[in-house]
Amino acid sequence: MIPLLILAPLILLAAIGAVWMARPVHAALMLALTLALVAVLYLALGAEFIGLVQFAVYVGAVAVLIVFSLLITRRGDEAEEIERRPKSLITGLLCTVPVLAVLAYSAIFGSNIKLIPWEAKLTIAELGETLFSSHAPAVLALAVLLTAVMIGAALFAREPGKTPEDPAEK
Amino acid sequence: MKKTFLDRHRAGCPDHVARASCPPPNQNQAFILPLAAATAEPSLFSPEFLPRLPQRLVEMILTNFGVPDWLVTIAGFLVAAGTVVAVFLSAFALLSLIERKTLARAQNRIGPNRAGWFGILQPVADGIKMLTKEDIVPAKAEKFLHLLAPILIVVPAILALGVIPYGREWTPVPLELGLVFFFAVGSLTELSVFMAGWASGSKFPMLGAMRAISQMVSYELPLIISALGVIMVSGTLSLPHIVDLQGGFQLGFIPSWNIFTPWGLFAGLLFYICSIAEANRCPFDLPEGESEIVAGHMTEYSGFKYALFFMGEYLGLLAIAGLFVTLFLGGWQAPLPGLGFVPTWFWFFGKLALVIFSYLWIRATYPRVRIDQLMRFAWLCMIPMALLTLPAAGIWHFTGRGLLSWVVVLPLMLVPWVIVAVIFNRRLATTTRTYRFADT
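As given, the protein sequences belong to chains A and B, one line each in that order.
In terms of our numbering, the first sequence has 75 at position 75, counting the first letter as 1, and numbering is strictly consecutive.
With positions in the second sequence counted from 1, the corresponding number in our numbering is that position plus 170.
Keep in mind that the hints were calculated from the coordinates and are not lab data.
Built from N, CA and C at the ideal position, the CB exists for glycine as well.
Just so you know, not all the hints are guaranteed correct.
[What the hints assert, rightly or not] Stretch-level coverage of chain A by chain B, calculated; a stretch enters the list once three of its residues show a Cβ under 8 Å from a Cβ in chain B: (1) 25 to 34; (2) 53 to 67.
[To be verified] Subject to a maximum C-alpha distance of 35 Å in a straight line, what follows is the list of computed DSBU-like cross-link-like pairs (lysine-lysine): (3) K313(B) <-> K299(B); (4) K87(A) <-> K313(B); (5) K303(B) <-> K373(B); (6) K299(B) <-> K373(B); (7) K271(B) <-> K299(B); (8) K310(B) <-> K87(A).
[As the list claims (entries may be wrong)] Chain B side only, calculated, beta carbon under 7 Å to chain A, not exhaustive: (9) V350; (10) S357; (11) W368.
In isolation and in its complexed conformation, chain B is listed as follows (with noise of 0.2 Å):
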């Protein structure tokens, strides 16, 4: 492979395949295995290596056999890759009964819980209910294009889950690009909800359609813009280094995440809002919210190919959590300075189980934003403030990333938040409705 930015600031670093040695730990943390010997060099069976465990079992396996190298890279990539299927599916099931559980319990009322103990069973409900029911096309349906839709939502959120860093030794698919792999497929999901809504063929779902792709195109904007500034300071598109960069701890025990930085506090709210706006959650789900448009470009789709819809939508959601935690939140990087013994995906997951359980709390508060007022906060509001974020980071980068820089940027970004705030709470998103019989 040929030397990426990562492997020059890596030195000794082979690449993260097809190799049985691993590499040198990073430099910034030194972590105490319990099974490691006194090289410092992790074993092939530490809790940090668990999820690698299976790739490289394979890798050795078949390397003992004689396979040609190629052949066990593929082979590698593969299981890698069912590794991250398995886990993100099962995550999937987990969040959908966790889901329900969380809004019940905001809502004062319990959630499922007669599938099994305290309701565990019920995504295998779920999936036993989606498998058996009747697969309806309508008579005016374009047959393939209905059939395309729900897989080409799905395989773009599990590719973009590949580049995702979720430990230090566990990138599925270390890209040198990986940030614009993960927007390139991001984009595939707009056309295939296009495709769902037309191919269906009747009004509702064209409207849903319709309104997804106003809303998911608009949102992209400001999501790719307030990732460019943390480009620019990491200098790299690679995930993994932009998660090795954000290592360190400032003033002894502040993590140096991106987020903890004057102008990332920003970026990283514009970016969480936008994310929620990709995957059509509440508060942004007027596509395919119920009392509205019936379910949107999925009106007309039952049994599995629904499933396959929601499955698409939570991975996309995880996905794009994902990236939330790796741009913003540091990645796999412990919290606290000393706790290098827990192994590093941990922190991600808890991360990112923090983040999702924030979405599910936003889920259950705020209510359905209208379609203008969507759009209106996405093109007047959030894409200046987006723009402004990368000068921010500029001076933040070159008045030395400190206190001063601390000083300079925050009135700098706050001032212009508060003043779009205030206008356009006051004249831009809010119109005076007036009802004829309402007003006495």
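Pulled out of the complex, with its shape left as it was, chain A reads as follows (with noise of 0.2 Å):
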């Protein structure tokens, strides 16, 4: 309870700094932050593989692409401001108060949550089995997927019309 307790707030600032924050950098490095304590939350439960893997793969992979994105588009001379207006922000908290509440009403009044014992622990044999025996049609779905991502990916960045050469051939 109390590592929630603590960490809760905590990831809640960093998201909303994710989203606040004017240059576009600063909300990246805020976003990384987020996941980051994300994953300290998985540790903090017991969840030692999902909390690193979360770590390696969210803030080692994701947050790097996301500012290598923003490395490779941007000039870096002028500082970037996100503009902000006031109506976005009543459109936003006419579209989140409702979950919230939704939200809010079935974990306060609901029925049937049940509280998981602290101590639940896998091992990473376990989820290791597990992963590959009865929930193996989702992971080899996923590996298609993603495999399609790239390829899809490799087609889209390729130039129309030009098949790559070396420019130094010129």
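The task is to assemble the complex, starting from two chains supplied on their own in separate frames and drawing on the hints.
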């Protein structure tokens, strides 16, 4: 309980910072911080593998990808600020407050909520066996999907009509 | 502590911390310790236990004074971490001197020999110089990120040093998921390199950061894939257990390290090359090459922050070299039978020293790789070869791990390797450059 009480406000602050910050790079770094804190939450809950993989994948790959694309597409000379419009705040509140209210109501007054015992830990061997035996179709479908995404991205990034040649050959 | 894979294989071994009694010795290696009793249980002051001595002493003293158990555990971990940090920081200082001397000898000169006998005080002089330099922060830099980046480069390196087994009794933090932890904190380095490059607010650091990130991300894939073969064969992610499984000798004198297997030879070589690229060392040091980009992401740093970058880079190098020794060179296992009386951490640090010396040698020998050559090499050459080691490891396992496996797997790995090397050298890596005036 204590880790959740300490971490949840920090995660919330970092997530608010990720959408509130003026400069895009700051927002991306706050997103990385949010994902890192979520990984810490997983570790505190005893899901060691998921926590470390969250760190390696989200902070180490996704956040790096985001900042890398920011780095490539911006000159960096001018400081860009994300423009804020007061009207979008109202729209945002209209969208999020009902969702959060429904979540809070079902969490507090719901009858099917069960608390998982704190010592329920999964060893990595059991995790691997379950993942690749009973959930194998899902893993295979994910693999096919990711391969298709990679091929699609590579095709998408090619300029149409040109074969890739070395610029030094000119 | 819950039962780990390691515990199930070494029955009766308690958790490594907060116990004054020592675990029974590994059954594969009978060793004779000079101070041990006839029961062959190592005593507290034997050379094998020397690195653990501060931790055990602190724990015994604290338990004597009635300190609660959890506090003793925390204090023990702190002392273990302090031991590791002390050892590796002094190793870093020594390494900076040894590197300069080795590079100098390779270049037919002497190297630093003014500061003390044979230049042994040169790291001290370097430290004093770094500390007394003016701390310049560019006007356009973002102050907080500029300060945070060097710290975030050193922290993952020190974290990663904590899970490597340095000896039979000396893994600072024996995690069951040690390898995933290592790669997870290794990926934090990329983010901090970006922070260093972006927060400096000028062009050279940003270009250097871009190149550094693309290089590190590209070479992380073959690194992890070649480690996957080891995980598959060992069946565990825990580094002490991977080293345990590389004990024993085949044909009487060849140690059964992972590099002496048909797939391990190639996976180890791939891991070795990727570790050079991950640590931004020559020949992959384009992000920080002086003649290319001043100092890359470290350009706008001076004084002690630059020293922190330097330290983070070298500690990362030591960590990933330690992982290479652990995964492929058998960790702390002795190379020949009958050498069991030597403390196991001696073998680890000896192998580590050889690997680091090979890194220095390679730095002195090879020219720098261009960024497009580097990326092509990673994506077109290394990733297919790394992926090929996985079925090779599987076939090796299922054909009995003996001579038949060598006969089956070695051509399976060698033929594509040669083909890719030939094709790559002919068509993909070299580009015909035409010069306007130098052709005649």
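A quick look at each hint next to the structure:
no.: 1; hint: 25 to 34; result: holds (count 3)
no.: 2; hint: 53 to 67; result: holds (count 9)
no.: 3; hint: K313(B) <-> K299(B); result: 23 Å, holds
no.: 4; hint: K87(A) <-> K313(B); result: 33 Å, holds
no.: 5; hint: K303(B) <-> K373(B); result: 24 Å, holds
no.: 6; hint: K299(B) <-> K373(B); result: 27 Å, holds
no.: 7; hint: K271(B) <-> K299(B); result: 19 Å, holds
no.: 8; hint: K310(B) <-> K87(A); result: 33 Å, holds
no.: 9; hint: V350; result: 4 Å, holds
no.: 10; hint: S357; result: 2 Å, holds
no.: 11; hint: W368; result: 6 Å, holds
When held up to the earlier numbered hints, the structure conflicts with none and fits them all.
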